[in-house]
Amino acid sequence: MSKVVNGVEIDDTFAEAFGMSGTGIIITADSMKWARIAATVATGFGTSVIGAGAECGIDRELSPDETPDGRPGVRILMFGFSPDALVPQIRNRIGQCVLTSPGSACYAGLKAPQSIGLGKAPRFFGDGFQTAKRLGQSRYWRVPVMDGEFVIEEETGVTTDAVGGGNMLILGNDRAGLLETAEEAVEAIAKVDDVITPFPGGIVRSGSKVGAKYAGMFASTNHAFCPTLRGTVKSELGPDTLAVLEIVIDGLTSKAVADAMRAGLKSITDTGAKRGVTRITAGNYGGKLGQHHYHLKDLI
Amino acid sequence: MSGLTLRLKAPATERINLDGIVPSKLAGLSAHEIARLNVGIDKGGLALGDAFEISGSPSETLTIEGSGATLDFVGGGLDSGTLRVVGNVGSYAGRKMSRGKLEIRGNAGDYLASGTTGGIIHVSGNAGNNAGGIVPGDRFGMLGGVAIVSGNIGARAGEKMRRGTMIVKGKTGEGAGTRMIGGTIWAEGGIGPRPGLMMRRGTLIGPSVESLLPTFVDCGKHDLVIVRVMSRYFKSTLGDLAPKPMPLFVQKIGGDMAAIGRGEILLPA
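Note that the protein sequences, when read in sequence, are chains A and B. So the first sequence is numbered by the working numbering: it starts at 882 and just counts up by one. So the second sequence is numbered by the working numbering: it starts at 208 and just counts up by one.
Hints listed in this document are in silico derivations from the structure and should not be mistaken for laboratory results. Be aware that a few hints might be false.
[As the list claims (entries may be wrong)] No farther apart than 20 Å at their CA atoms in a straight line, the calculated lysine to any residue pairs in the SDA-like style are these: (1) B/459 x A/1026; (2) B/442 x A/944; (3) A/1155 x A/885.
Since this is a predicted model, take the numbers as computed values, not measurements.
With the rest of the complex left out, here is chain A (with noise of 0.2 Å):
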């Protein structure tokens, strides 16, 4: 039985996410426009796990009493199937977008019990010029380059508790009103730690199903809640529905998770009626894939 708060419809279904390997990475430098810029590249190309190989973001800003090196820092979380699958994409993205930027420093971003390297490749940059300084139970390499020193500490925690695929479905008949909408149930969701929107400004306008016509595709679009295909396909749109967009959500834990789909269902439901929302409902595969349902009706 569907909802409306607000005048906006929720329906009865639930967001079905699945178990990930999730890490957190802090970069430093001499200005937060640096730290900015040596996240942003790091974490680009970071939306699907199937097709980017992680799913990457920043989950916030840290002012200078928060890093270790007292610098403006921004935290960056990577998400991806396993801990050994987060490794490469470790070592690819921070070795060729934060080794290179200027000014920049990199450290461990989440404390658990299990860690995987964070500077244990990009070290080797330093053809023997590097030399390590240890503090208490972490290990700083200092790369020489260009600019000083790159620092990098030599490990990072990771979690297998952490959660991928919490999402949201925004339906409108206003497509401008719907983005904007989506726009602020974002910032909203990135008040919440912990967690990331890692596609585009962190809405999709490309769901996904599961698998294709064609050979070798593992996912297609989503043709059920596609608006130009209303009438030909069993759609899922009403007959009022212009455009969907989607809020991909992955977290450290569930409960980031959860709350982040709380923070974000509130903003919309706040907000949206007047901008053309219509309805929210969420993408899930029947309950049998995932091992996390996030049903709407608890989080309102």
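Mind docking chain B on chain A? Use the hints.
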């Protein structure tokens, strides 16, 4: 003061070996067993109860009072809790300590923190030669942990030191960091003459150095992120005992070029 207290009965006429007299080892012993522990160095031995008045009951804190420079290996093998010493101690204090805290309210002799792998040592007075340095027969000197000396330290501090940090509020003696392999010696009062002979890696930090070996070279003035990391780490773990942060720019002197030259002496720029 809670916990077990050992009070020296009379000024010792022989060396007393307190290796292994630490809270975790005493915790499972009865008063009688504690009193019978051998702390002598000659064939006849010396019972702990003959040398010390023992009061209180074993806990996470052990206090040694009325001590003197004849007490060797104080805190040797300390692996948990706090060992507090009121008075001076002899050589090898904190030897092979792995965890916990050793507080010495007095001076320490030679070879302070030799083979130490972890924990915190604080000496409120001075320390002798070879603090954090190698003991003949060992492969390395200090291997971890933090030792803070509020006074000065003697010659060849940190010889063959591999990891860990020695913080000195005063000055180091001659040859600090000789044959150093890693770790940090931070001397707030200044670094003594000719540091880092045959040093491979590691860091010496201070406001000045008395004289340099000719095999050390000027690497220029730099804003090193690792110095900021170290300053913040020590402030968060040591509080008031932490060294004052270095200025943003430091002069890096690299060496010993007669070895592999990955060591460094950092001075304010």
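Here is what the structure says about each hint:
no.	hint	in the structure
1	B/459 x A/1026	15 Å, holds
2	B/442 x A/944	18 Å, holds
3	A/1155 x A/885	14 Å, holds
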